[in-house]
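Q: Using the sequences plus the hints, can you model the full thing?
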Amino acid sequence: MTPIPYVADKAMLAEATDLIAHFGDDAAIEAAARADRSRDVGNVLHFCRWRQIQRLVTVLTAEEIVGTVH
1 MTPIPYVADK AMLAEATDLI AHFGDDAAIE AAARADRSRD VGNVLHFCRW
51 RQIQRLVTVL TAEEIVGTVH
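Residue numbering for the sequence shown follows this note's numbering, starting at 1 and increasing by one per position.
Don't read these hints as lab results, they were simulated from the structure. Think of the CB as a built atom: it goes at the ideal place given N, C-alpha and C, for glycine as much as any other residue. All the pointers check out, no bait thrown in.
Simulated restraints, written as ranges between beta carbons of each label pair:
#, residue 1, residue 2, range
1, V69, N43, 34 to 40 Å
2, R37, I65, 30 to 36 Å
3, D40, A8, 19 to 25 Å
A: Encoded structure:
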């Protein structure tokens with residue numbers, strides 16, 4: 001089961017959809033790479049943000065329904 005990510009703001013959703021538009025199936029990999037780069041330079045806030053964006057990309061591109069269906 002795919003965990004439901006925390007969406008802090010509209011910018012996070014915009015970044016996730018932008019990655020999907022530019023990288024397609026590799027969008028989650030790109031978000032993970034950006035998180036790793038942020039971690040490597042010691043930027044914990046950006047590291048956490050990019051990890052959440054990675055999770056959001058996974059949910060947005062998933063074939064199955066995630067969460068509650070209304």
